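Trainee: Since the structure of chain P is provided, determine the placement of chain E on it from the hints.
If you read the sequences in order, they're chains P and E. Heads up: the first sequence is residues 44 to 425, going by the numbering used here. Heads up: the second sequence is residues 44 to 425, going by the numbering used here.
Hints in this document: simulated from the structure, not taken from any laboratory.
You can't tell identical chains apart in this list, so a pair holds if it fits in one copy or across any two.
Only pairs whose alpha carbons sit at most 25 Å apart, straight line, appear in this in silico DSS-like list of lysine-lysine:
hint, residue 1, residue 2
1, K296, K272
2, K372, K296
3, K372, K396
4, K192, K171
5, K372, K292
6, K296, K377
Small disclaimer: the values here were computed from a predicted structure and weren't measured.
There are 2 protein chains.
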Amino acid sequence: MTLNASINETHRLQTPQLDVPPRLLMGPGPSNAHPRVLQALGMRQVGHLDPCFIDLMNEVQALLKYVWQTENATTIPVSATGSAAMEATLANTVESGDAVLVGVNGYFGHRLMDMASRYGADVRRIDKPWGQVFSLDELRSGLETHRPKILALVHAETSTGACQPLEGVGDLCCEYDCLLLADTVTSLGGVPLFLDQWGVDMAYSGSQKCLSCPPGISPLTLGARAIEKLNQRSTKVPNWYLDMSMVGKYWGKERTYHHTAPINMIYGLREALRLIAEEGLAERWARHQANAELFWEGLAQLGLDCHVERQYRLPSLTTVSIPEGVDSKAVTQKLLANHNIEIGNGLGELAGKAWRIGLMGFNSRPENVYMLLDAFKQTLSK
Amino acid sequence: MTLNASINETHRLQTPQLDVPPRLLMGPGPSNAHPRVLQALGMRQVGHLDPCFIDLMNEVQALLKYVWQTENATTIPVSATGSAAMEATLANTVESGDAVLVGVNGYFGHRLMDMASRYGADVRRIDKPWGQVFSLDELRSGLETHRPKILALVHAETSTGACQPLEGVGDLCCEYDCLLLADTVTSLGGVPLFLDQWGVDMAYSGSQKCLSCPPGISPLTLGARAIEKLNQRSTKVPNWYLDMSMVGKYWGKERTYHHTAPINMIYGLREALRLIAEEGLAERWARHQANAELFWEGLAQLGLDCHVERQYRLPSLTTVSIPEGVDSKAVTQKLLANHNIEIGNGLGELAGKAWRIGLMGFNSRPENVYMLLDAFKQTLSK
Numbered sequence: 044m045t046l047n048a049s050i051n052e053t054h055r056l057q058t059p060q061l062d063v064p065p066r067l068l069m070g071p072g073p074s075n076a077h078p079r080v081l082q083a084l085g086m087r088q089v090g091h092l093d094p095c096f097i098d099l100m101n102e103v104q105a106l107l108k109y110v111w112q113t114e115n116a117t118t119i120p121v122s123a124t125g126s127a128a129m130e131a132t133l134a135n136t137v138e139s140g141d142a143v144l145v146g147v148n149g150y151f152g153h154r155l156m157d158m159a160s161r162y163g164a165d166v167r168r169i170d171k172p173w174g175q176v177f178s179l180d181e182l183r184s185g186l187e188t189h190r191p192k193i194l195a196l197v198h199a200e201t202s203t204g205a206c207q208p209l210e211g212v213g214d215l216c217c218e219y220d221c222l223l224l225a226d227t228v229t230s231l232g233g234v235p236l237f238l239d240q241w242g243v244d245m246a247y248s249g250s251q252k253c254l255s256c257p258p259g260i261s262p263l264t265l266g267a268r269a270i271e272k273l274n275q276r277s278t279k280v281p282n283w284y285l286d287m288s289m290v291g292k293y294w295g296k297e298r299t300y301h302h303t304a305p306i307n308m309i310y311g312l313r314e315a316l317r318l319i320a321e322e323g324l325a326e327r328w329a330r331h332q333a334n335a336e337l338f339w340e341g342l343a344q345l346g347l348d349c350h351v352e353r354q355y356r357l358p359s360l361t362t363v364s365i366p367e368g369v370d371s372k373a374v375t376q377k378l379l380a381n382h383n384i385e386i387g388n389g390l391g392e393l394a395g396k397a398w399r400i401g402l403m404g405f406n407s408r409p410e411n412v413y414m415l416l417d418a419f420k421q422t423l424s425k
Numbered sequence: 044m045t046l047n048a049s050i051n052e053t054h055r056l057q058t059p060q061l062d063v064p065p066r067l068l069m070g071p072g073p074s075n076a077h078p079r080v081l082q083a084l085g086m087r088q089v090g091h092l093d094p095c096f097i098d099l100m101n102e103v104q105a106l107l108k109y110v111w112q113t114e115n116a117t118t119i120p121v122s123a124t125g126s127a128a129m130e131a132t133l134a135n136t137v138e139s140g141d142a143v144l145v146g147v148n149g150y151f152g153h154r155l156m157d158m159a160s161r162y163g164a165d166v167r168r169i170d171k172p173w174g175q176v177f178s179l180d181e182l183r184s185g186l187e188t189h190r191p192k193i194l195a196l197v198h199a200e201t202s203t204g205a206c207q208p209l210e211g212v213g214d215l216c217c218e219y220d221c222l223l224l225a226d227t228v229t230s231l232g233g234v235p236l237f238l239d240q241w242g243v244d245m246a247y248s249g250s251q252k253c254l255s256c257p258p259g260i261s262p263l264t265l266g267a268r269a270i271e272k273l274n275q276r277s278t279k280v281p282n283w284y285l286d287m288s289m290v291g292k293y294w295g296k297e298r299t300y301h302h303t304a305p306i307n308m309i310y311g312l313r314e315a316l317r318l319i320a321e322e323g324l325a326e327r328w329a330r331h332q333a334n335a336e337l338f339w340e341g342l343a344q345l346g347l348d349c350h351v352e353r354q355y356r357l358p359s360l361t362t363v364s365i366p367e368g369v370d371s372k373a374v375t376q377k378l379l380a381n382h383n384i385e386i387g388n389g390l391g392e393l394a395g396k397a398w399r400i401g402l403m404g405f406n407s408r409p410e411n412v413y414m415l416l417d418a419f420k421q422t423l424s425k
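Here chain P stands alone, though its shape is the one from the complex (with noise of 0.2 Å):
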């Protein structure tokens, strides 16, 4: 072999081993991982079709099932992060003038939107302000109005801290023939989720919030009328890599090669879901809520307000209202450069509004909450 030509140089970095600063992540997400799911991550690998990395594939569509409590038999991690998980939803069961409803109360339900639009749908949206949620009569009224063939919701929405009850829903869904749809990025494993109780057809997570593993990996639920519509469609999905008619073969019993699959992001995943399985999943809603509450009652003690309701609060992140006088970016610039920790600015209609405080999975711990309320009341008093 010679070479023909002569190497440029000019990018051939020189780059000091790899260091980052000690931040504690209570941001909307990424959250730190568990040092358990970190470890699992450095395991040596094996191929993607051996037969012990299988059995892993088996544990992990097991656990996902337990967190989600549905008995989907397609329940697998996406081999990218949540917004491909989000958007498989879409690609799989949208056909061209499909009719989908999305429920729009923050980013996401926008986020859905588009992603919607770019498969050929009929969007259609009902609207509540940012940090609210819909009733289930406010529901019924636009399932009547727009007959969609899905209705998208958003369970936990990360932009604005509000939980969507979604009890009733599924019931209505198949009053009006039409599938339901529900972000759960930032309640799985750590908000009651209770998927097929509930009749959600189609849902979908990230790893990095109450999961407590890097992004990279992203737990997707496809129920039996889901694939129905997937199965009935005339055309092929028009994303390769997310079609779940080729993806569903290499996680169900063909383990057919389809991509080369994520083989220690799973191993992350399926650390962060024994990790769950250990710690039981009433004992870790509990717990999510108990930091939740303490960590509310140390605002209130600051005199901070939190921007949703009570009742429909997310223990896994709380949006709080920035007081009248305070420069929001230069609060989360001190506390990440002088306590080395990470929250969130506001997004879209909260800007400027809201901080956004994630309590997620390893994360959710009193040491935590103290820790931040304390550089809270350092950073307000200056």
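Mentor: For chain E alone, coordinates are given in the frame of chain P:
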């Protein structure tokens, strides 16, 4: 908070601590990650918009330019496995009705056709037998006949072990006003690549081949002519997750949130690229070539033939013709069971006709060549 329903414990598996056999991965990929890469994966996280993470992003982008030998500003890791980066090239640049000409001489040519068709391309093909490559004259004739907007070629066909020469192809494509798309999944970091000198407009790769990083993140580069085609689209990119008009703003100067980057996979990729910068591209390419030649000599001594003509043989992936009367799958199973060595079975037209053996990145070492040759000798003599 009250739980209005009881928790189903069916899928609450009690699983042991993660452990897997110490496999030597000498199939078509994944190859074993370098130990320093596995260590980097487990580094604590920072936020995906943290100032220190942005420094790491800049480093990864520069180092990708080095290994690809390109100055393309849009050179990034896609937050998914290699097939997603493959899809990203087509999703962004194909508009409905565009003629896309695919050189089909292996499995991944078929995949490119499938993907292009999902984006509404008028898919055309030129064919060569699996294991052979296209001459410049054959490519010119294809361009003359089909007048495509994009010519897609597989530089390193992982299904056949053939290396498609690309010198001169870029000039041809300019002459016919068409973009050149190259699959470099099994060549990046192991086989000479000079994207800019060859006039390649778009390329993608995987992390789990010659880069010696686990799968889950995938390099993508788009040159100025590809970006121009993207900018001139009359419709939105019909794939949200891979829409480079948005993803490019996270990796570009704006650093605007699109999706949460797979932080720890980026740590791993950075370390993998750092190892290449330390070794040097010329030295790395020469090492791959030398170890492949050592392997080919050993195969000849065992009386085994390579499927691909010497001149076009990839150093990173060798297809070994299966001798008459040998049960090919029984051999791969014995290598795994008795030697902890994974090699690949033939794919597509080469199923049952060839084994696929990778000597990629960290795994391209003489001791691995000797070990595999010895294991082959033991297994075939039984």
